[in-house]
Structure formats: structure tokens, C-alpha cells
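Residue numbers (the numbering used here), protein chains in the order written: chain R, 3 to 193; chain F, 3 to 193.
One or more of the hints may lead you astray.
[As the list claims (entries may be wrong)] In the DMTMM-like style, the derived pairs of lysine to aspartate or glutamate whose C-alpha atoms are separated by at most 25 Å in a straight line are:
1. K101/R / D63/F
2. K4/R / D63/F
3. K69/F / D114/R
4. K4/R / D21/R
5. K101/F / D114/R
6. K69/F / D63/R
7. K4/F / D63/R
8. K69/R / D179/F
[Claimed, not checked] Derived DEER-like restraints, expressed as beta-carbon distance ranges:
9. D183/R / E186/F: 21 to 31 Å
10. I175/F / A31/R: 16 to 26 Å
11. G121/F / A166/R: 21 to 31 Å
12. L115/R / D60/F: 24 to 34 Å
13. G81/F / G81/R: 21 to 31 Å
Hints are computed from structural coordinates only; laboratory data are not their basis. All of these numbers come straight from a predicted model, not from anything done at the bench. Ideal Cβ placement from N, Cα and C applies to all residues, glycine included.
Each chain, written out:
Number of protein chains: 2
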Amino acid sequence: MKRPALLVIDMQNDFVQEDAPLRVAGARAVIPNVLRVLEAFRHRGLPVFHVVRVHRADGSDVEIIRKERFRTTPFAVEGTIGAAIIPDLTPAPGEYILKKVRMSAFLQTELDLILRSLGVDTVVIAGIQTPNCIRTTAFDALAYNYVTFLVQDAVAAQTPEIHASNVQDMRNIGIGDLSSDELEGFLSTTT
Amino acid sequence: MKRPALLVIDMQNDFVQEDAPLRVAGARAVIPNVLRVLEAFRHRGLPVFHVVRVHRADGSDVEIIRKERFRTTPFAVEGTIGAAIIPDLTPAPGEYILKKVRMSAFLQTELDLILRSLGVDTVVIAGIQTPNCIRTTAFDALAYNYVTFLVQDAVAAQTPEIHASNVQDMRNIGIGDLSSDELEGFLSTTT
């Protein structure tokens with residue numbers, strides 16, 4: 003018996019909106035699919051995690067390699083509109099907000115502990131962006147022995163080519179992929 | 003002032019030799035370049051880590067997704083020839099052997115603690131294979147704030163295409179790449 007949870011990753015204004023400095027080019031196009039996935043989990047009362055990158059205003063928790071960029075163009079600063087989840091995907095009461103300061107949602111966060119406490123054995127991933135936060139989170143999920151799925155049309159990158167090569171690498175290592183159309187059927191067989 | 007360490011990853015018989023069940027197709031071709039890199043670090047007395055995947059014979063520490071495969075074809079089992087580092091790259095006295103049970107050399111290992119104790123701020127990565135153990139290790143190195151470089155012609159995958167798309171993704175996120183030809187010059191400017 004499988005118990006899945008949904009991770010919606012980095013769907014924040016600073017990474018999604020047209021004029022955002024760290025905009026991921028493919029992000030806006032997948033919003034409707036992310037929303038469908040989110041609603042499927044909501045409808046069944048399954049756990050939903052909104053995973054967000056949130057930095058302290060002084061940049062002390064930013065990767066050193068991005069510090070210079072953060073100094074000139076701060077991003078995902080706690081309490082700003084830029085760090086907020088986009089309005090279409092506003093968390094519902096009872097859904098989890100998980101803050102992180104790195105790419106992987108598992109790295110130095112409480113995610114694994116909460117998933118275990120909830121009895122979750124399967125994670126389904128949506129959001130941005132495929133080669134970075136999505137992929138590091140998916141590989142860590144696999145490492146921690148979660149059965150791991152991407153909703154491939156609810157995940158996006160800067161280009162379709164980058165997205166596709168990353169989905170293929172993940173498939174090669176045993177990370178499943180579903181389309182948002184298949185998700186409802188998947189949830190009914192697993193829960 | 004930079005202090006680099008070398009991570010040579012998974013250059014073990016079970017993943018490298020012609021008839022090995024989990025052979026990485028590109029691995030044998032890069033052995034001479036890995037050796038050059040290794041010798042450059044040795045020559046300067048810089049820290050070298052031989053990172054190896056080593057599993058208990060009962061498979062209890064294998065990723066669940068690979069357990070069935072391990073049952074039929076055990077790989078990298080502690081104490082076997084298959085788990086041993088290939089003869090060309092045999093560790094020298096004083097070099098570190100770091101055992102891991104997952105892809106990333108940082109995941110639940112003592113690597114970060116040892117690097118910090120040694121005052122290392124830069125890691126240089128060689129070995130196999132680009133999309134999995136190399137990439138997860140490189141992304142974790144970046145997350146832990148190490149300046150991170152691949153020696154791109156001393157790293158290999160199943161196909162040149164997979165290798166190239168992964169090197170490009172890593173470049174995009176700020177992971178440097180060097181050729182084995184450039185390594186000597188790099189070390190003389192950083193140490």
C-alpha cells in the first residue's frame with residue numbers, strides 16, 4: 003500500500019513571474035498543470051508540501067557561489083512579495099510550508115522527518131526547475147528510499163531541451179514520470 | 003587562497019571492468035586522465051579521497067529501488083574484488099578511502115567534516131558516472147559551499163550525450179570544469 007505526498011517546489015513570484023530577475027522561462031506555462039496536480043491531492047486529502055526557497059535579507063544563508071548576485075539582486079527574501087508563492091497556488095489551510103536555503107528540499111530540512119511521521123512512502127514532485135531543485139530533490143528522495151515520481155508536464159526548466167535530458171536521466175535511474183492526465187489514475191491505484 | 007581536495011568517485015571493478023554487470027560504458031576510456039589528475043594531486047601533497055560505494059552482503063543498505071537487482075546480481079559488496087578500486091588507481095598510503103551507500107559522497111558520510119578539518123575550500127571531482135554519483139556529489143559540494151570543479155575528461159557516463167548534457171547543466175549552475183590538461187595550471191594558481 004502506497005501513501006503519496008506532493009511536493010510543489012519553488013513556485014514563488016521571484017522565480018515564476020514574467021519580470022522576475024531569476025525567472026525560469028518554462029515556469030508560467032506549467033502553472034495550470036501544477037494546479038491540477040495540487041487539486042487532485044487536495045481532493046483526496048493527501049499531504050501537500052509547498053517547498054520554498056527563503057533567504058535571510060543579509061544573504062548569510064545563500065550559496066557562496068550566488069552571494070555576489072544576491073547582493074546586487076536579492077531574491078526570495080523572507081517576507082517579501084518575491085518570496086511568496088504565486089497567487090494561483092496559494093497554500094490551503096493544513097498544507098505544509100517547507101522552507102529551504104539550498105536546492106534539495108531534503109538538505110538540512112525537516113522534510114524526511116515529517117514524511118516519515120506521516121507514513122509517506124511515495125513522493126510526487128511538481129514545480130521548478132528540472133535540472134536543479136527538482137532533480138536534487140528527486141535524487142535525495144530516492145536516496146532516502148521514497149518511491150519517487152515527477153509529474154513531467156508540471157515541472158519546467160529554462161528550455162525544453164534541458165527539461166527533456168533531465169527527465170531522461172531521472173527515468174534511467176528509476177524515478178518514475180507521470181503526466182498530469184495520468185495522475186488521477188495513479189492516485190486511485192495507490193491510495 | 004584556495005585549498006583543493008580531489009574526489010575520485012566509484013572507480014571500482016564492478017562499475018569499470020569490461021564484463022562487470024553494472025559497467026559504465028565510458029569508464030575505461032577515462033582511466034588515463036583520472037590517473038593524471040590523481041598524480042597531480044599526489045605530486046603536490048594535496049588531499050585525495052577515493053570515494054567508493056560499498057554495500058553489506060545482505061543488501062540492507064542498498065536503495066530500495068535497486069534491491070531486486072542486487073538480490074539477483076549483487077554489486078560492490080564489501081570485501082569482494084568487485085568492490086575494490088581498479089588496480090590502475092590503487093590508493094597510496096595517506097590517501098582517504100570514503101565509503102558511501104548512496105550516490106552523493108556527502109549523503110550521511112563524514113566527507114564534509116573531514117574536508118572542513120583539513121581546511122579544504124575547493125573540491126575537484128573525477129570518476130563515474132556523470133549524471134548520478136558525480137552530479138549528486140557536485141551539487142552537494144556546491145550546497146555545502148565548496149568551490150566545485152569537474153575534470154570533464156576524467157568523468158564519464160554511459161553515453162557521450164548524457165555526459166555532455168550533464169556537464170552543461172553543471173556549468174549553468176556555477177560548477178567549473180577543467181580538462182586534465184588544464185589541471186596542472188589550475189593547481190599552480192590555487193595552491
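Against the structure, the hints come out as follows:
no., hint, in the structure
1, K101/R / D63/F, "violated (29 Å)"
2, K4/R / D63/F, "holds (21 Å)"
3, K69/F / D114/R, "holds (21 Å)"
4, K4/R / D21/R, "violated (40 Å)"
5, K101/F / D114/R, "holds (23 Å)"
6, K69/F / D63/R, "violated (37 Å)"
7, K4/F / D63/R, "holds (21 Å)"
8, K69/R / D179/F, "holds (20 Å)"
9, D183/R / E186/F: 21 to 31 Å, "violated (54 Å)"
10, I175/F / A31/R: 16 to 26 Å, "holds (22 Å)"
11, G121/F / A166/R: 21 to 31 Å, "violated (41 Å)"
12, L115/R / D60/F: 24 to 34 Å, "holds (26 Å)"
13, G81/F / G81/R: 21 to 31 Å, "violated (54 Å)"
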